[in-house]
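Below, each chain spelled out in residue letters.
4 protein chains.
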Amino acid sequence: MIYFQCDYAEGAHPRILDALVKTNFEQTPGYGVDVHCQNACKLIQEKIGKSDARVHFLVGGTQTNLTVIASLLKPHQGVIGVDTGHISCHETGAIEATGHKVLQIPAEDGKLSSDKLQAFLKNYWADDTHEHIVEPGMVYISSPTEVGTVYTKKELESLKQICRKYQIPLFLDGARLGYGLASEENDVFWKDLPNLVDVFYIGGTKCGALFGEAVVFCDDQNLDRHFRPIMKQKGGMLAKGRLLGIQFETLFTEDLYEKITTQAVQEALRLRDAFKAKGFEFLVDSPTNQQFPILDRKSIETLSQKFAFMIWPDNGEEKLATRFCTSWATKSEQVDELIAEIQQL
Amino acid sequence: MIYFQCDYAEGAHPRILDALVKTNFEQTPGYGVDVHCQNACKLIQEKIGKSDARVHFLVGGTQTNLTVIASLLKPHQGVIGVDTGHISCHETGAIEATGHKVLQIPAEDGKLSSDKLQAFLKNYWADDTHEHIVEPGMVYISSPTEVGTVYTKKELESLKQICRKYQIPLFLDGARLGYGLASEENDVFWKDLPNLVDVFYIGGTKCGALFGEAVVFCDDQNLDRHFRPIMKQKGGMLAKGRLLGIQFETLFTEDLYEKITTQAVQEALRLRDAFKAKGFEFLVDSPTNQQFPILDRKSIETLSQKFAFMIWPDNGEEKLATRFCTSWATKSEQVDELIAEIQQL
Amino acid sequence: MIYFQCDYAEGAHPRILDALVKTNFEQTPGYGVDVHCQNACKLIQEKIGKSDARVHFLVGGTQTNLTVIASLLKPHQGVIGVDTGHISCHETGAIEATGHKVLQIPAEDGKLSSDKLQAFLKNYWADDTHEHIVEPGMVYISSPTEVGTVYTKKELESLKQICRKYQIPLFLDGARLGYGLASEENDVFWKDLPNLVDVFYIGGTKCGALFGEAVVFCDDQNLDRHFRPIMKQKGGMLAKGRLLGIQFETLFTEDLYEKITTQAVQEALRLRDAFKAKGFEFLVDSPTNQQFPILDRKSIETLSQKFAFMIWPDNGEEKLATRFCTSWATKSEQVDELIAEIQQL
Amino acid sequence: MIYFQCDYAEGAHPRILDALVKTNFEQTPGYGVDVHCQNACKLIQEKIGKSDARVHFLVGGTQTNLTVIASLLKPHQGVIGVDTGHISCHETGAIEATGHKVLQIPAEDGKLSSDKLQAFLKNYWADDTHEHIVEPGMVYISSPTEVGTVYTKKELESLKQICRKYQIPLFLDGARLGYGLASEENDVFWKDLPNLVDVFYIGGTKCGALFGEAVVFCDDQNLDRHFRPIMKQKGGMLAKGRLLGIQFETLFTEDLYEKITTQAVQEALRLRDAFKAKGFEFLVDSPTNQQFPILDRKSIETLSQKFAFMIWPDNGEEKLATRFCTSWATKSEQVDELIAEIQQL
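Chains as they are written, first to last, in the working numbering: chain H, 1051 to 1395; chain P, 1051 to 1395; chain U, 1051 to 1395; chain B, 1051 to 1395.
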């Protein structure tokens, strides 16, 4: 069985394991204040061209989302996100468990439209009963989105402008950031990010690391003032913090992060093309490492013999949406094998 | 200025004030374990024909909703409700502040359709990633709804049957219960309630009392086992609990509750007919004390000279939805005056 | 049975009921923005000599404590209070339920000593692992305390000075404020309060009202910026807010609040003297409306025939602490009757 | 500089890194349902002699404590623990942030005395105002404790008996479990644990792993019924769950866990003896890997030249408590070097 089910089916890029082995007996202070974390922070600052960005390392995505959001909101505020966003539907209510509502706006291909955002905020502040309504205190987006799409620079600029107007921070979940940067459609590069969002994170778990997400605060209001004690409180401060530092050091050395995610996206596009060539339609047109072909039941059954992939819950219809992911670990031969099978469907 | 803006613009029915004056120097234990609370509980048990119902008295609606819901859910669970439901949009995230998500289903005229509920629950349990999704742990409905509509007996039976199947409690917010019972379209009576829902509350604040909601647990699983300490924790246990007992004693003596809410509904229907006679349309067809005529800007301006009523936030359109409420305190002359004005629009 | 068990065994001062009756059919907007609340606010501002104090009205003490504290703390912060404080031990974890730890310091006769406070704060900031420890974000005290003692002006000045130094607000729970002001030992008067604390509340429930606490923000940092939506979220915003306004208007007209609490304290001191004259010792020397004589079991049994009072949980000892409360509603004849009984013990 | 500051200054035991390298390209499902987790679970079941124990793997200690406790308590309940316990003072209020109070009992050498526990529970239930007090819903202990002491079998039996009587679960934080098992004073062995506690965890982070704690539910009431969705909600479900499985597989193969913790304890006792030989006193008599000599300032200064260790916050006294930790990674030569220095103090 070959896994295309998700982008976290393997361990880590071998260079990361090498680095862990090499540094194993170094003695460092705990909790992320060691030299590896400092060095990783510096490499990230250089990459994004912002030497005063503050970087914090956490283990996983849900943990990162809940910690960032809980640290930014006041008790009566909620976070705006699209209905298909990870925090809206796939974190078992992690945000609500910190006391805050996710204010859901219907997504357009996984994205938050700036028109809808503007209308939502305007309506809130126009309503003179707004003391009775959750105040929108920040905006959450993910790019690539949960359905593989990527925000354009222009889209992010619009969102940022609206957030500025309403004086609320814009937070970008970059759990798959590398795959977005590697997309051919992408026009948002590392050095653009600090101008486009207030906080974002660079996904490690799905992009070559064993685990780890690097949260980057780019704002000039010291928004991460209380981030470390809140990390600790939420269970997100890793004792051996240097494990995170070492992994991001490795990923940000010799452009490893970009290289491996670019390779993954290229493999995904080969898959996409193979499905397209056979006339299959897609749930959404994704330029990144996740592909969502809509398959008939027979094709699903055939492919399931040798390959693992996600199938949407059975809704009684003849065709079901599916998800095939590549990752930094996907080998060309694995994709070749799948393509061969697709061609015979 | 005559108020039709809400159903809590005045104090309380005079008999309630009389009772408070009469009992004022009685000495009773605090926190709702006094004879008046016991007596009110008995009167409610008799009214609904269920001698083992457990009754708890709280001060207000948001407080009641958050206390009931927090007491019934496990940490990973949320409460299903319609998007126009009070807990979804008009309580400043009170439910989320207790750690739980409101799982919003689009309303149909303010109501939760049993088809949509069934589909929602089925989808949840069919999804094999459901550990990552908030588990639906109970269902919240309000009747009358926030737009004045009332559930039929058949609708409630369907909802209850689905809740039974999925073993989750059904909770009815009856902040305006009296106005629903008094509606001509209503076919759900006091003695039906224990068979149709697991928990409900009888609104006092909007139905003749100074304040107060009587929560009635009708389930046979002892669902209110921990309700009193949770009431205390959430700030909802009134020191002079007898104030609630005395008010509900009064409301449930000589059918005062029904009489005053019936009168209010009749006045509301007179208003409805007056608007209809002039050709105005309505946001929704409401048989209870809230009426939602859609008025042109000129009519709004004219009526606003002498009457207070709610106007939907300005959306740039020529016509805006409005809300006119009657209550137990509304006088026929006040309605006459408004009708006279409507007729001249 | 005559109740000395608590100071909330009766309804309200008759003038309050009169005012409720008189205003009953006035129509006002809900949620505390009516003229009565505005007027009560003005009367309180005048009383304390601070025309820019902001006043918010809530129903009960636990609700007030949790709302004020939740509105002032950041997620990683806790509130300092003594171990015998109401929030530490008698609110079923209401503060923790909002996510914050109560940082308990051992009380001295119910009070927080400034030395202990200073040491606590110094230790916290001296500890270089303090990211792992709850940050003290505010200080809670009550005066009179739960055991009837009253802070002197000098004590409050010391506490305030320390809070200033550490830039954290000082919050005074005045659930029984009137009884403290009326104590002969008291040297803190209305106009001192704004200089001594950042936020305090004036207890109504135990001092003549049916219910109600007036929270007064005296700080110059706009600390109540988000107080109203948080009140709503926590279930503490009363629909008919004017009921609170009317009650405080009455209490602050013609010095009613002072008159009735002074009378109560005088009756309490008569009780104290009667117990003292018979040689009984006291748990603490209280100059206010709560008295804590330590009684032998036989005396307890005798007095229990005709009087209700609190008895400390049985610890197997021969003598047990008890609590006798007077209140605005206590009649001299009731006290006479109890004294007569004491004299025969 | 040689680190004796903590037991998490290095990476992981080399065999763990080997295992991670060896399994790196295996493809497994995420979130802890892979074969490695299943295998690790089986090894743990065998080790403790309880084939129906349920095992869940988390990343760190604070995360584990908050997840277990939040999953076991009802909203109005708190967790009993000693004042020096990790959850009481070193997790930035992680438990309170889930809504629950830590009910602190003064420790005796880091331990919870069964007499004090019994008295606490008895008092709670004897108090007829207990609706107003946080209900003790479970008991938390750590062994070894935060000051290195270890519970005896008899002590645990007493605690368990009391918990049984009051029908509340007993939870043992075993962040340093291995070092306790390896202590010469210890009389609690693997197969005793299921009989002595309801839930415990086996610390990996401090005992040879890169990170990871294995939570073991031994109760027969299905207490972990909702554990997985709550893990997810709290951010504790690792995407590549197999990383935890692989580490615990390794630790529980060929008794690696016991071997490396035994070695660490022996080194610690050599340190202890060296300090004792020079006449230093200890904060507490610890038989495990943490030693707490009380040192004069000059000795502290001298040792600080070459060694890192924890020093208690400066309290102005001549002598200060310190902590020296050994770990699975401590080399005999490092200890030799420190001992040589001690001998010259």
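Simulated from the structure, these hints should not be mistaken for lab results. Please note that the accuracy of each hint is not assured.
Identical copies go unnamed one by one, so any copy, or any two together, can satisfy a pair.
[Stated by the list, open to error] Below, simulated DMTMM-like cross-link-like pairs (lysine to aspartate or glutamate); rule was C-alpha separation at most 20 Å, straight line: (1) K1348 to E1234; (2) K1166 to D1133; (3) K1348 to E1391; (4) K1100 to E1207; (5) K1348 to D1269.
Quick rundown of the hints versus the structure:
1. When the C-alpha separation of K1348 and E1234 is checked against a cutoff of 20 Å, the pair qualifies neither within a copy, at 32 Å, nor between copies, at 55 Å.
2. In this assembly of identical chains, K1166 and D1133 lie within 20 Å of each other by CA distance both inside one copy and across copies; the values are 13 Å within and 17 Å between.
3. Proximity of K1348 to E1391 under the C-alpha cut-off of 20 Å is restricted to the intra-copy arrangement: shortest distance 13 Å within a copy versus 68 Å between copies.
4. In this homomeric assembly, K1100 and E1207 come within 20 Å of each other (Cα to Cα) only inside a single copy, at 18 Å, whereas the closest approach across copies is 47 Å.
5. In the homo-oligomer, the alpha carbons of K1348 and D1269 never lie at most 20 Å apart, since the shortest distance is 51 Å inside one protomer and 46 Å across protomers.
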